[in-house]
Amino acid sequence: MGGYFLDALRAIKNFTGLKPLFGIAVIAWFYLFFREKNKSLRVVFVAMPLIMMLIFICPLTMWAFDKAGLDLDTYYRMLWIVPIGMMSVYTIVKLIGKNFKTRIAGLVLTTALIVFSGQYIYNSPIFFESENLYGIPQQTIDVVDYIRSQDSHEIINICPSADLITTIRQYDSKMRMPYGRDMFNASLNYYHPMYEVFEQTPRLNFNDLVKTGREFEVEYYIVYSARLLDDSPEDAGLMFIGEVKDHLIYKDPVISKQIELLEEYY
Amino acid sequence: MIIVKIVAAVISLIAVMYMMGLLPVSLMKISSNKISNALIYGFVMLLALLEIVGIPIVLLMDYSGYHVFVTAFSIAILIFSALGVYFGRKDILKPEAPISFKSYSLESKVYLFVLLGCIAFQVVMCFLLASMDADDFYYNAQALQAQDYDVLYRIDVNTGRSTSLDIRHALALFPILEAYISSVFDIHVVMLAHKVMPIVLIPLSYLLVFKISEKLFPKKKELQFIFTILINVWRVFGFVSYFTTETFFLLRTWQGKSVAGNFIIPAIIYIFLLMHENKDTVSKGLLMLLAALVIASGASSSLAVMLSCGLIVLLALLFSILERKLKTALLEILCCIPGVLYILLYVISG
Chain W
0 MGGYFLDALR
10 AIKNFTGLKP
20 LFGIAVIAWF
30 YLFFREKNKS
40 LRVVFVAMPL
50 IMMLIFICPL
60 TMWAFDKAGL
70 DLDTYYRMLW
80 IVPIGMMSVY
90 TIVKLIGKNF
100 KTRIAGLVLT
110 TALIVFSGQY
120 IYNSPIFFES
130 ENLYGIPQQT
140 IDVVDYIRSQ
150 DSHEIINICP
160 SADLITTIRQ
170 YDSKMRMPYG
180 RDMFNASLNY
190 YHPMYEVFEQ
200 TPRLNFNDLV
210 KTGREFEVEY
220 YIVYSARLLD
230 DSPEDAGLMF
240 IGEVKDHLIY
250 KDPVISKQIE
260 LLEEYY
Chain L
0 MIIVKIVAAV
10 ISLIAVMYMM
20 GLLPVSLMKI
30 SSNKISNALI
40 YGFVMLLALL
50 EIVGIPIVLL
60 MDYSGYHVFV
70 TAFSIAILIF
80 SALGVYFGRK
90 DILKPEAPIS
100 FKSYSLESKV
110 YLFVLLGCIA
120 FQVVMCFLLA
130 SMDADDFYYN
140 AQALQAQDYD
150 VLYRIDVNTG
160 RSTSLDIRHA
170 LALFPILEAY
180 ISSVFDIHVV
190 MLAHKVMPIV
200 LIPLSYLLVF
210 KISEKLFPKK
220 KELQFIFTIL
230 INVWRVFGFV
240 SYFTTETFFL
250 LRTWQGKSVA
260 GNFIIPAIIY
270 IFLLMHENKD
280 TVSKGLLMLL
290 AALVIASGAS
300 SSLAVMLSCG
310 LIVLLALLFS
320 ILERKLKTAL
330 LEILCCIPGV
340 LYILLYVISG
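Chains as they are written, first to last, in numbering that gives the first Met the number 0: chain W, 0 to 265; chain L, 0 to 349.
This is chain L alone, in the form it adopts within the complex:
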């Protein structure tokens, strides 16, 4: 029975990400690789919605915050999924093949199998092994407390007793997303975090890596696959310390910090590569996605917001020097406004 729930949770999460992602894909009139783009953009939108819906509830509601959040977040997901389905209805009725297998050379097909095998290995290892990360004591307990006490970030995870709002962590709502999915599918939140979330987050991260490889090696499918395979290897053997993103990726896959280092930051780089492909026009859709990424980074931690904004400002300035275009840089830097508001909120509420 639990296996059925896990499968249902994974399929539903992917479906929701896809449907939500169809909205930006359709509005930006992306003509190719719609499924992969939709999944990535959908995840960004999911995290951004989590923050937009969740932060006011966390700050304003001392009691009953969790069930209000569940209701509000469900409505938000339904609205944006419906909008995605409406605007992307042509893609749903006539979907493109997720992998254009027939167009690949034999060499590419072999690399694809190796790549899928590497990803499958990491997902399987999440089931075979468990990691004793001390921060789970905070994040998983906080998620479970939200469900059990209907209170958000107002119970001390050490003792289980009421306390004042833990503003240091309260704006980073990734554990509450896990609590939400756990409630919807009736899976214990620790099980969801340790075993279910990696099934989605690990392949999603590699999908993003593959999308980046498409910009690094345009039209060279073999090199794109080799790049992604070697990133796989780098992550599995990148345990040079407990501090690298590679270590966080496989040791703490389900934590917001890992999402920050292995999805948010690479996604910002990806968006910049997309934006500066065509130097003549500024894509409003990509700018909005960049702003959504800044909001989404808040789901990980306040430091992730600062890192995201810092990276955006740095890349914007460097590209403006390269292309001698200040306007684009200013628009990109303006995407950090949600991050500035987040930090102000953090400071004021503290």
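Here chain W stands alone, though its shape is the one from the complex:
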């Protein structure tokens, strides 16, 4: 139980980032606790947040969450019930709302306070400049469109490099892959021989890659051009069909032939 309690505290620490913005929320709560007279708002902004925080840090809650089979990595979402932003901003607006001068000055000062206490989201490393209306890297679109221009089959089996894995099937779901994003999730502890050969070796060995890929009927390999190579793809039997945005695309003619034979048979 003590472990759950510490995990809950850790979740609060990760959630708030221990940034000053959270401090504003705590101060706002105390102000409302002592000064808010509207009973409905005392329920929403004082009682409910307090009880919710107590429920959150109670070890029994996390224990029940765990026993219910829920993912403990999502436990922090219980904190979404606490209206931290609205509670803080409501308190500030109450304080600055008396007259025109206090409103203007308060709005400017509060904006500055929030700006310096928080963090500008558009500076997050997850954001990048949008190259197209899809909101995914243009290289993914170009690679997929290029393969499609070379192959008229509806379903195509590919093995892309790691940088393309998360976006290829968002753009074209008829591209099949031996593994996907879940492979990169360490907590899932997945294993796939293709991933081991393709991504987990310091130098890519095409003979091993093709030998494994044929078990999974991989027809196209998309290799990042900077990848260190152990041998030549042509020596392993692959055909080079093009380079698109620093990605070298190879085709396995053995698998292509198998597909043709299956089509003739069916």
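Any given hint might turn out to be false.
In the SDA-like style, the derived pairs of lysine to any residue whose C-alpha atoms are separated by at most 20 Å in a straight line are [unchecked claim]:
hint	chain 1	residue 1	chain 2	residue 2
1	W	Lys12	W	Leu71
2	W	Lys38	W	Ile50
3	L	Lys108	W	Ile50
4	W	Lys173	L	Ser163
5	L	Lys220	W	Ala161
6	W	Lys93	L	Lys4
7	L	Lys4	L	Val15
8	W	Lys93	L	Thr327
9	W	Lys38	L	Ala119
10	W	Lys12	L	Tyr241
11	W	Lys173	W	Asp141
12	W	Lys100	L	Lys108
13	L	Lys101	L	Asn277
14	W	Lys100	W	Leu112
15	W	Lys66	L	Phe209
16	L	Lys218	W	Leu71
17	W	Lys93	W	Asp141
18	W	Lys38	L	Lys4
19	W	Lys12	W	Leu40
20	W	Lys38	L	Thr327
Don't read these hints as lab results, they were simulated from the structure.
On a predicted model such as this, the values are computed, not experimentally measured, just so you know.
Once you've looked at the hints, dock chain L against the given chain W.
Here is chain L on its own, set in the frame of chain W:
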């Protein structure tokens, strides 16, 4: 051409939400702010219908589920929009002004422009920037697979191969709503999710914030605008971690989880503030909306259903202590029944 499709999709989505929302607005005899209420209630109804229509299809149909869903959902939308238009025909024939601009003070008008500018900034940033969120790999691919294979939640997003029903996500149909809108307007689902949905979801969320501010600062328009502006600022600078609702709102606007944290949960708070304004009567319409909100939360995720029900129970009990009225609390808690059924379904199907 794609711009025309995007504009058509946005206008149609707003129109459908408005028409559907006119039904509760008319039945509850809401006399003011009808457009804003209709849009909010209409969105709740849209998500609730999505779940009511979609869940049986997901569970029962191994094949051809998507096109059956498209047909059934279209019929449901048409019926409820028609009902909304019928009951709200007076409001359509003589609409109120969306913003009663002339009645605002100069100060309020300035704040309104600042607020609209802040909202426009966030919408524009959705076009200028893109975010590499790992969960898109699942949700967008699942939506695209529904369209391409006519199968709901039975294809592994990692490999593209058939698999058993992914019950962990199958009851949360927000990606399928995006697939539906994408199919209707012939916009690639990833484009719709990343660029079109924020145009609707961001202003809608702030509309809800503004409605809440009307309860926090009654008859003080200046304070209502200041509140909403500062919530804007809080969200843009609220990136203290990857876990807050503020981060989800701007980083993952198009995902069901963001809708849960930035619309469903605040909407529950809003409904409670409305319900407990008048302590003498219990509004049946608001109770039904609360139940619809619980169903709508299911479109986001199973955890959102639990959070919604937990919040409703907590607020119901606290208000019952405050007002010394057990009956209202019991009625509010009964609104969680759809949530309990959702969780049971989740457990049984798993």
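Can the restraint linking Lys12/W and Leu40/W be considered satisfied, given a maximum Cα separation of 20 Å?
Outside the cut-off at roughly 27 Å; violated.
| message | Against the 20 Å threshold, does the CA-CA distance of Lys4/L and Val15/L hold or violate the hint? | response | Holds, because 16 Å separates the two Cα atoms, which is no more than 20 Å.
ask   = Does the alpha-carbon distance linking Lys93/W and Lys4/L stay inside the 20 Å limit?
value = violated, 44 Å
Note to self: For Lys93/W and Thr327/L, compute the direct alpha-carbon distance and say whether it is at most 20 Å.
What the structure shows: violated, 30 Å
So if I understand the rule, the pair passes when the alpha-carbon distance is 20 Å or less; does Lys12/W with Leu71/W pass? holds, 15 Å
Is it true that the CA of Lys173/W sits at most 20 Å from the CA of Ser163/L?
With Cα atoms ~18 Å apart, Lys173/W and Ser163/L stay inside 20 Å; holds.
Requested in this report: Assess, step by step, whether the Cα of Lys100/W is no farther than 20 Å from the Cα of Lys108/L, and give holds or violated.
Outcome: Distance ~16 Å between Lys100/W and Lys108/L Cα, so the pair holds.
Compare the distance between the alpha carbons of Lys38/W and Ile50/W with 20 Å, and conclude whether the hinted pair is satisfied.
With a Cα-Cα distance of about 16 Å, the restraint between Lys38/W and Ile50/W holds, given a limit of 20 Å.
20 Å Cα cutoff - pair Lys66/W, Phe209/L
violated, 39 Å
Given the proposed pairing of Lys173/W with Asp141/W, does the C-alpha separation stay at or below 20 Å? Satisfied, since the Cα-Cα distance of roughly 16 Å is no more than 20 Å.
Against the 20 Å threshold, does the CA-CA distance of Lys38/W and Ala119/L hold or violate the hint? Violated, because 35 Å separates the two Cα atoms, which is more than 20 Å.
Tell me if the straight-line CA distance from Lys100/W to Leu112/W falls inside 20 Å. Distance of about 18 Å is within 20 Å: holds.
In this structure, the earlier hints numbered 3, 5, 6, 8, 9, 13, 15, 16, 17, 18 and 19 are contradicted, and the remaining ones agree with it.
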